[in-house]
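Participant: Chains as they are written, first to last, in numbering that gives the first Met the number 0: chain A, 0 to 567; chain B, 0 to 215; chain C, 0 to 296.
I should point out that these hints are in silico values taken from the structure, not numbers from a laboratory.
Heads up, a few of these hints could be off.
Claimed, not checked - Below are the DSBU-like pairs computed for lysine-lysine, each with C-alpha atoms no more than 30 Å apart in a straight line: (1) A:Lys237 <-> C:Lys143; (2) C:Lys273 <-> A:Lys545; (3) C:Lys273 <-> C:Lys194.
Said to hold, decoys possible - Example chain C residues on the side facing chain B (calculated, C-beta under 7 Å, incomplete): (4) Gly105; (5) Ile107; (6) Gly108; (7) Thr234; (8) Gln241; (9) Gly245; (10) Pro249.
Claimed, not checked - Rough simulated footprint, nothing fancy, chain A against chain C, three-plus residues with beta-carbon under 8 Å: (11) 136 to 146; (12) 261 to 273.
Yeah, the Cβ is synthetic: ideal placement off N, Cα and C, and Gly gets one too.
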Amino acid sequence: MSLSLSDPTWYPIASSEDLPFRHVYQGQLLGRELAVWRADDGNVNVWENRCLHRGVRLSIGINEGGELKCQYHGWRYANRSAGCTYIPAHPADAPARRIQNRTYPVREAYGLIWSSATDEQAFRPFPGAEGHDWFPLRPMPVNAAPEDVLAALVRLAPDDQPADLLPGLSVRFGGTYYFVQPVDAGRAVIRGLLREKPADELATLRHYNEILGKLRDRLERAAAKKPAPEPLQPAYDKVSADLATMPDIAVPRGNTITVVVKRKWVSADGVIGFELAARNGHLPTFQPGAHIDLHLPNGMTRQYSITNGPGELMSYIIGVKQESTSKGGSKVLVETVREGDLLSISEPRNNFPLRRDAIRTVLIAGGIGITPLLSMARFLDKSSLPYELHYFTRAGETTAFRSELEALHGKVIFHTGLPREQIAQTISDALGQWSMAQHVYVCGPGPMLETVRATAAAQGWPDESIHFEYFKNDKVIDNSSSFDVELARSAMTLHVPSGKSIMEVMREAGLTVPSSCEQGACGTCLTTVIEGEVDHQDVYLNDSEKRANSCMMTCVSRAKSARLVLDI
Amino acid sequence: MAITLYDFELSGNCYKLRLLMSILKLRYDIVPVDFYPGRQHKADWFLRLNPFGQLPVLQDGDLTLSDSGAILAYLARKYDETGLWFPDDPAITAEVLRWHAVADDITSTASAARLALGFFYDFDVEKAQKGAHRIFRLMDEHLWFGEKQGRDWLCSPAHPTTADIACFPYVMLSEEGGISRQDYPALRRWTDRVRRIPGFVVMSGIFPAGRALEDA
Amino acid sequence: MPSIDPTTRDLWQVIAATDEVPVGLVETTILLDTPLALTRDTDGNPVVWRRTDEEQGDEIDPETVLDRLPVITGYGYVWTSLGNPPRELFPIPEYAEPDRKNMSCGSIGIHVSAPRAVENFLDMGHFPYVHTDILGAEPHTEVKEYDVEVSEERDEVLATRCRFIQPRAAKSATSAMEVEYVYRVPHPFCSVLYKSCPEDESRRDVIAIFLQPMTEERCRAHLLQSMIDSESTITDLRRFQQTIFGQDKPILENQYPKRLPLDPRAETPIRADKSAIAYRRWLSQKGITYGVIPMAS
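So here's chain A without its partners, still in its complex pose (with noise of 0.2 Å):
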C-alpha cells in the first residue's frame, strides 16, 4: 500500500492535550507540514503550516487566541477563515480580504484531533467509537513507513483478541485501538486509545508506553536496514492571479451570502441587536471597522458595521438604531425581520481600517456610532494594545452594549448626557496635544465629527492621524460641473448637464441603474469606470479605490475630465 497526497480518510493528527492555551501545534500529514492551534473559543485549526506571504513556517508563529501572527513580519490571520486580517508594513489598509490561507478540515473527538488531506469526505466516527470514554495513550512517533508500523501494531495483538483492522490504517483488539498516523513515507506517529479509562492512570500510560517505545525500536531497526522511502512531495498552490500582483485596492465587493437572525435583542433604548449568524461553516474574515451591506425585506440596502473581536466568525453581530426619520430602512429591519429569519447580506468591506502601529489610539463615539468602535477595541484588547474609548450618549437613553464593553479590559468612558459645550472640552480633554504616532477614530453624528476633526487639528493632530467613519454622507455635493459619458456596453453617449446625477441622465435614457440612498454612503450604484478621470463625491470609496479611479458612485459623483466611458 502506498501513500497518496490525495487520500481522503481521516487521521488523527494530534492529542487534544497537545493545544495548551496559546500554543502553536507543530504536525504533518501525508507530507504535508501543519501548523494547529486552538483559540481561545475552543476551536481548533488545522492549516498549511506556511505563511502566504514569503513561505515562514507558522508554526514559529504566535497564537494570539483569535489570531495567528506569523513571526516574518507580523502578518496576521483569522481564527476559522485563516483570512488575513492586518499586514504590519502597511498599517491603514485593509488588506486584500482573499489573503487566506489553506485549512484543512478537522474534528476534535475521543481525545484526538483528526484532519483530512482533502474536503472529500465527511467525518465518520471509527467503528465502535460512539457511547465510550476514550482515554488516550502517550503518542508514539517512529521513523518508518505507515504500512510496516501497522503490520507490527497487528502483531501485538495477545492469542486471544484477534487483530481487527479498520479502515484508514488503524487496528483493534480487545478495548485497545492503535490509528497510525501517516506522516510522511518513512514516518508514522501511533495514537492509542483505551476504550475505558483505567483505575491506575499513570501505570497504565506508562505500560503502553514502554511497550509501544519497544516496538518502535524494533522497527526502526529494520528500517535502517532498507533504503530510507523518498519523502512526499506536496505541491503548493498557487495565489490567485489577482493577489500577485500586488492590488491597491481590495477585491470588489459583490458576494452576497445567506445569514439567519439567531438573536434579536433590546440592547438600550432605541438599539436593536441582531445576531446573524453562518448557515453552514464560518463566515468571511473582517477586520476591525468593516461593515457589511445588509439587503432589506423590502429591497432597500443598509450598510452596518461588524462588532465582533478577532476570530469570532460564527456570527456576526450588529446594532441597529430605530430611526423614526429617514427612509425608513431600519425601521423594517426592526419591525418585521424576526429571530429565525434569512437575510442576504453582503460580504465584509471595510472604509475604516484600524492601524494597529500606534503608541496611542483614542476612540470616541457618539451613539450607534459606537458599533464599529466595539470591534475596534476588542481588537486591541485582546492584543493588549492600549487605546481610550469615549462613549457619548444622550441623557434619558441607557448605552448601547454596555456589558460588552464592561468586559473589556481597556480604558473606556462612558459620558452620558453631557451639554453641546462640555462635549468639546471633554473631546479636547481626552485627545490632547499630538505626538509621534498617535491615531484618534471617530464615529458618530456629523456635527460631533466636525468638533472631532477641528478640535484634533487645533491639538497638533495631522490629517492622516484623524480617522472617521461616516453612516451618512453629509457633505453638499457639487454638481455644477457637465461633461459626456459613454456607456460601453450600452453603445451610447449621454450628456450630463449640471444639476443632473449620472444616476439620473442614465434613467432618463430608459436604463435600469439600482440604487438605494442615492446620497453615495451605500454603494449599491457602484460602476466601473474604463476612461475618464473621476471627481469623487461620495463617502463609500476608500482613498486608493478612489486613486485607482477604476470606479465610481454614479449617484453623486462626476467628472473632471471631459468624458468618462463606464462598464454598463
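Given chain A's structure and the hints, the job is docking chains B and C onto it.
Facilitator: Same frame as chain A, now just chains B and C:
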C-alpha cells in the same frame, strides 16, 4: 561588587548566563570575545582566564569561574533570595545536577551539529544529529509524564530551576543543526513555558513566546 | 548534479574571507555542488582548484597545483568562477577609503538558497519582528513607499528612499528616529546596504552580504562591514552584525520552498515587497535557474 561576563552573542552557553542574570535582575558588564572569526578564545589573554579555552567565563569581584553549568549554580546560590533556582535540598540538588549533565550532552550533540552546519566545524553531523534525537526523545517522554503529574519543569519542584535554563538554549536552537522538534510535542510545550518565565530574554535565533494565561 | 545555468557559471562567486584561508594548508569548501580546495601561498595569494582527494588541513605546496580555477580577491574575500568571469568584480568604491574600518564578520552556513538570503537582506518589514528593539519595534511597523529601479548599464537592482523608524538607529540616539537606507543588488547573490553614518552625516556606512551558493538549497553568508567609526572596536562591530544575522538565520531556515520561486503566483507580494519583485524578475531575465524555481514556461 561587579560581575563581568566574557561573552559571545551567538553562544548558547553564554546565553544561559545572560538569561539567568536577567531573570535574577542582576547587573553585569559584558566583555565581548571575538570567538569567530577572531578565535580570541584561544588567545593567550583568554587562556589565562580559562586554560580550557572555552566560553563563557564569569568574573565576580576576585572570583573567576568557567563552565556554564557551574556558573549557573553559583549565580543561583549567591544571588537568588528565593532559593528556588538551585534549591538546598540534597535530593533536588542531585536532580538539578543530573539535568546539568544532560545539558552537557545536548551541547555535545545538538550544539555540535549547529557548529558543523553553521560554522563548518569538522564534526560528524549525522552522528551529532542522531545523538540529539536520542536525548530529545528521552526529554519528551520525561516532560510528557511530568505534565501528567502536574509538573511543568524538568525537576520535581513546581517552579523552574537552573536545570531548565541549562537545557533550554541548544534545544531551542536545534533546528540550526538540522534537528527538527516536530516529533517532540511535550518538549515544544516546555520551551513555551521557559520563554514565559518573567525576565526571559532572547538570543539571536530564539523568538519570544506569546503571552501566557495569567498575563492575557 | 543539478545543471548550472550559464549566467551563474560565468559569475565570480565568493568562497572565503581571505584572512581565514590558511597559508600552506588545504581549506575545502563547496560551490555550486562542486567540491573545491583552496590555500594561500607564502605571499598570501589565494590558489583555488577542483578538489580531488585533498582533506581539510592537509599540508600543500601551492606550486604543485597546476589545474587552477580563476581567482580574484576583493573586499577582503576570495572569489572564484567555474566559467568565464568578467575582468573585475562589481564596484564598492567606499571600501578603499583610507579611514574606513573594513572587516569580515564571519561566514555562516544557512540551509536555504542564496537568492532567498538576498531577498531577506532587502526586506525592512521584518525589522520589528525579527530584529526587535534593534532595527525596529512595534508599533512602528510601516514600510513607506520607496523607489526601485533596475539599471541596465550597471546591471544592478537599486532601491532608494527606503525609510524605517528604528529604536536605536545610532549609539547616540536616545529615542526612535527615521533612518534612510539604500539597497543595491550588483550580483545575483550579493547585496549591499548603505546607511547614513552617525559620525558623519555626509557619508554612509556600508554593510554587505555575499552569498556563496554551495548547493541549490544551502549557502554560506559572508558578511562585510565597511564603517566610519572611530570609537567601536572590530569586536563590537562584528558582534552587532552577527547578532542581526543570527536573528535572520532561523527565519530563512524556516522558509518553504528553499529555492526562491520566480513565478509571481507562488507567493503574495505587498507594496513593501517592490524590491523583491524587481529582484525576482531580474533573475528571470538573466536566465538564472540555480537556486530558484523558474517560472513555468
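Participant: Could you run down the list of hints and mark each one as holding or not?
Facilitator: A quick look at each hint next to the structure:
no.	hint	in the structure
1	A:Lys237 <-> C:Lys143	holds, 28 Å
2	C:Lys273 <-> A:Lys545	holds, 22 Å
3	C:Lys273 <-> C:Lys194	holds, 19 Å
4	Gly105	holds, 5 Å
5	Ile107	holds, 5 Å
6	Gly108	holds, 5 Å
7	Thr234	holds, 4 Å
8	Gln241	holds, 6 Å
9	Gly245	holds, 3 Å
10	Pro249	holds, 5 Å
11	136 to 146	holds (count 6)
12	261 to 273	holds (count 11)
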